[in-house]
Amino acid sequence: MSTTSIRKTPLLEVRDLTVTYAGGARAVRGVNLEVEAGRKLGIAGESGCGKSTLALALLRLLPAGTKVTGEILLNGEDVLAMKWGQVRAVRWAGASIVFQGAMHSLNAVHRIGDQIAEPILLHRRTTPAAARKRAGELLEQVGLPAARVDAYPHELSGGQRQRVMIAMALACDPGLIIADEPTTALDVMIQAQILRLIEELVSEQDLGLIMISHDLAVLSDTCDRLAVMYAGRVVEQGPASEVYENAHHPYSRALSGAFPRIGDPASRFAPQGLPGDPPDPSALPAGCTFHPRCALALDSCSTLDQELRDAGPGRQAACVLVGPEGAAAPVVPGAEEARSTS
Amino acid sequence: MTADSTPALVQQADAATDGPPAGPSAARGPRARNTKAYLQYVAAKIAGAVVSLFAVLVTSFFLFRLIPSDPVKQMTGGRPVSAEQLESLRHQLGLDQPMWQQFTSYIGDALTGDFGASFAYHAPVMDKIVEKLPATLLLTGTAYVLYSLIGIWLGTRTAWRNGSAGDRFNTALALTLYSVPSFWLGLLLIIVFSVGVGPIPGMFPTGGMTSGDTSGFGYVIDVAHHMVLPVITLVAVGYAQTLLVMRSSLLDEMGSDYLTTARAKGLRDDVVRRKHAVPNAMLPTFTLMFVNLGHVVAGQILVETVFSWPGLGSLFYQGLSTPDLPLVQGLFFVFATAVILANTLADVLYPLLDPRVGR
Amino acid sequence: MTTTDSMPTPTPASAPPEPVRSARALARARKRQSAARFWREYRRHKGGMWGLAGLILIALVALAAPQLVGADSESVTEASGGALESPSGEFPLGTDQFGRSVLALLVWGARVSLTVGLLAAFLCVAIGTVVGIVAGHFRGWYSTVLMRVTDWFLVMPTLVLAVALASVMDRSLWTIIIAIGVTTWPTTARLVRAQTLAVESRPYIERARALGGGHGHVMLRHVLPNVMPLVLAQTTLAISGAILSEATLAFLGLGDPTITSWGSMLQDARAAGAVSAGDWWYLAPPGIAIALVALAFTLCGRAIESVLNPKLGVAR
Chain W
1 MSTTSIRKTP LLEVRDLTVT YAGGARAVRG VNLEVEAGRK LGIAGESGCG
51 KSTLALALLR LLPAGTKVTG EILLNGEDVL AMKWGQVRAV RWAGASIVFQ
101 GAMHSLNAVH RIGDQIAEPI LLHRRTTPAA ARKRAGELLE QVGLPAARVD
151 AYPHELSGGQ RQRVMIAMAL ACDPGLIIAD EPTTALDVMI QAQILRLIEE
201 LVSEQDLGLI MISHDLAVLS DTCDRLAVMY AGRVVEQGPA SEVYENAHHP
251 YSRALSGAFP RIGDPASRFA PQGLPGDPPD PSALPAGCTF HPRCALALDS
301 CSTLDQELRD AGPGRQAACV LVGPEGAAAP VVPGAEEARS TS
Chain C
1001 MTADSTPALV QQADAATDGP PAGPSAARGP RARNTKAYLQ YVAAKIAGAV
1051 VSLFAVLVTS FFLFRLIPSD PVKQMTGGRP VSAEQLESLR HQLGLDQPMW
1101 QQFTSYIGDA LTGDFGASFA YHAPVMDKIV EKLPATLLLT GTAYVLYSLI
1151 GIWLGTRTAW RNGSAGDRFN TALALTLYSV PSFWLGLLLI IVFSVGVGPI
1201 PGMFPTGGMT SGDTSGFGYV IDVAHHMVLP VITLVAVGYA QTLLVMRSSL
1251 LDEMGSDYLT TARAKGLRDD VVRRKHAVPN AMLPTFTLMF VNLGHVVAGQ
1301 ILVETVFSWP GLGSLFYQGL STPDLPLVQG LFFVFATAVI LANTLADVLY
1351 PLLDPRVGR
Chain A
2001 MTTTDSMPTP TPASAPPEPV RSARALARAR KRQSAARFWR EYRRHKGGMW
2051 GLAGLILIAL VALAAPQLVG ADSESVTEAS GGALESPSGE FPLGTDQFGR
2101 SVLALLVWGA RVSLTVGLLA AFLCVAIGTV VGIVAGHFRG WYSTVLMRVT
2151 DWFLVMPTLV LAVALASVMD RSLWTIIIAI GVTTWPTTAR LVRAQTLAVE
2201 SRPYIERARA LGGGHGHVML RHVLPNVMPL VLAQTTLAIS GAILSEATLA
2251 FLGLGDPTIT SWGSMLQDAR AAGAVSAGDW WYLAPPGIAI ALVALAFTLC
2301 GRAIESVLNP KLGVAR
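Protein chains in written order, with this note's numbering: chain W, 1 to 342; chain C, 1001 to 1359; chain A, 2001 to 2316.
Chain W extracted, bound-state conformation (with noise of 0.2 Å):
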């Protein structure tokens, strides 16, 4: 958390969001995160933590049957509170999402001039000329050439799609990106472009950016604060090269440690990765979540759940082991070594 003494009102302030599914799954427990306009948010987790959820439930875009409860103040109002009508005009205009896998998530039968176009007529009064107009003018920002306005989406290439799905969530100038797994399912080198490509928006139009991903090294580069979630409930947060390289819960610590530091030989050689299975929304172990696979659980940690705790300036993390003093957690001894040698 910010601690100067003078606050702009944050670009988004999700305050307390619990998600269940209607199967009684709980998806997102309790979480609070907080962007400002032109910084850059990461949201590192495996597969299943809650992650994506937390993304469609910003625009409400969950299932119906979903119970969603907190607040999520977008620019001070509250989505959840919103009625319909308004939470369509702030859909895209105020927030717009960058989907995995664009394959599926363009019609594949309208071409993507046609879908780039169609929130700009749906947000802006506009003409359809016009509206395509600036279709090509947002492919040309993405690196495509704007005649590619007429292409269907099974004409392009996987980079090529992720340009326009970027293309597409710029169309009518929001301030915040949503950008979910951008580049989960690309080549590394496609991954590098499209990554600067991001960058380059976010800095040159001032916009708010949540990247989520599983990739902890992507973030890392890519982000100012990073943020990882577990089981559905941030457990640490705090500045992403400090998150990345100096991990306070094991958890983070686990997930940091399964990237291979490249030009590091030691990192080869330290054994890491986790026991276990990440554990099933609708059946959570008591106390801290973590704790069936945790090497350094207490016995306390089987009935106490964990808060978020201070550990640092602006860092946080929900470990008992992280002490109030801000001191690091002990460390597990072959990791110490490993990193202390590079």
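What the hints contain is simulated information worked out from the structure, not anything from laboratory work. Any given hint could turn out to be false.
As the list claims (entries may be wrong) - Listed next, the in silico DSS-like pairs over lysine-lysine satisfying Cα-Cα at most 27 Å (straight line):
id	chain 1	residue 1	chain 2	residue 2
1	A	Lys2046	A	Lys2031
2	W	Lys133	C	Lys1045
3	W	Lys83	C	Lys1036
4	W	Lys67	W	Lys83
Said to hold, decoys possible - Chain A is faced by these chain C residues, among others (derived, beta-carbon under 7 Å):
id	residue
5	Pro1080
6	Val1180
7	Phe1183
8	Ala1298
For glycine and all other residues, C-beta sits at the position ideal for the given N, C-alpha and C.
Dock chains C and A against the given chain W, drawing on the hints supplied.
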């Protein structure tokens, strides 16, 4: 005659194996290149249709000349016919020629539209067919339009409200009607509404197309009156299949990601359904509709027979009972041609709906 | 998709620390497990359960026909009732034009309709499966020729073709069976071919070939078991269609005139003037029976399809 989901499955199966190559695009030329590819596609389909038509001719020859050991005996079976009459009949039909000569003359005649003379009617087969065609088109054409519209509309509604009481009722009703033999339904309708059962009086004619000499507007009303029961029969069985296919393909689409994208853009639910989901879901239904279009000419032997409707179906049945081989042969070819033409039309128009194919 | 993946069987270790079951026993156990899994999934489909119940009931009725209504109720000379009588205590569904009990004919007709339906469907699926697997397995011109033939059949209006075929052959049950079987196999062939292509692209097929498996081995031991679930669904749906087709062909007078089936009952009824006389009790029961049996098979087939393709959902 098999499952409602079969068309969608077949399409999926085909797309999975022979699907269009989706690769990175090369330097794209102007749209003209798309059009050229499309024209080549159309030309290929038409060529295929011609081959199919020829195959149908061969088949009908095979069926009606080769399989029956003695066509003439079959046709005159049961009637006292002298040997000379049999001989002259054989000569008339060209059956005394060698087989390959029969084949070539048959093909040659067929290409000029000459299918010989009907044995029972003593008139050229083609004339008879042309005479009866309008009656069939009127009946089955009307039913086709009705059941297609009803099937698509109800299929869309029940899919969108999946799980509701209305959906379950409609689906159950459609499944039941789909399992009912059409001719039996027709017979029941005749009993209940033409002859009258219990307190229900007979309100409709039991058969035929008209009841006597009426003319002008009276004639139109008379024909319409006669059309009610057969059309109800055809619509009852036809809408069910269309509904089931439309419903299942829309249900398939409804889980798709692009609908979430559309909703995220702020579109209203009914717009999402109409502009995004239905166009994708229409694809299997589109194919089915063209298959059914072919059957407008070809398929309604049963209903026409049951209602004594004087169209091609009744003609075919009578031809079978006689048996009047030249007539049956000609009708067989006409039916198959109608289906081939309808399918070719479907193939040619499909790329306009689905840009992933044929361009 | 619930598959019965028949992976190449593992070889037992040379000095096992615990008793190792034989390869065959392992395979059997695995098959039993996947069958149990299939049944558990199937049970969730209400429509499928109703269909299955209906099928069992009808099968019992058909098998128990002699006990239920007497072995001689088809005989014209033994008929005890008057012609075309309305339902009464003695004849719950009235009599036909020969004085036979319509109810008895209905029960006996079940045997014929079911038998013809089953045999025709098996013929259809057998041809379709063989053609599909061969076309999918052997590429090159075998496949092209077979698929051209299949496509051609798909273009023909099936009813017209079946009627034409049946009309030029003798009037018998086998004619009907062959006519239906020969005209309906293409849809199955196409589906099976697509599935064969999908199965053969899996890595373990490559391994089987590298180990020396020939064409027969790959097709029989690997492709066929993986195609069976799809074939099962197709068979059930094909039976439904075949029963309707049999009724149609019999109604058109193309069946054996001496044998009673539901379709021939309808034809007899019409020929005897039951329609104009308003004898609904003669006309309605055969059609209801046909519809119920066809519906039962359709429900089962749809349930099996849903089990194989969970995306289709339970409430179809």
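Outcome of the hint check:
no., hint, result
1, A/Lys2046 / A/Lys2031, "holds, 25 Å"
2, W/Lys133 / C/Lys1045, "violated, 37 Å"
3, W/Lys83 / C/Lys1036, "violated, 50 Å"
4, W/Lys67 / W/Lys83, "holds, 16 Å"
5, Pro1080, "violated, 22 Å"
6, Val1180, "holds, 4 Å"
7, Phe1183, "holds, 6 Å"
8, Ala1298, "holds, 4 Å"
When the structure is compared with the earlier hints, violations turn up for hints 2, 3 and 5 and for no others.
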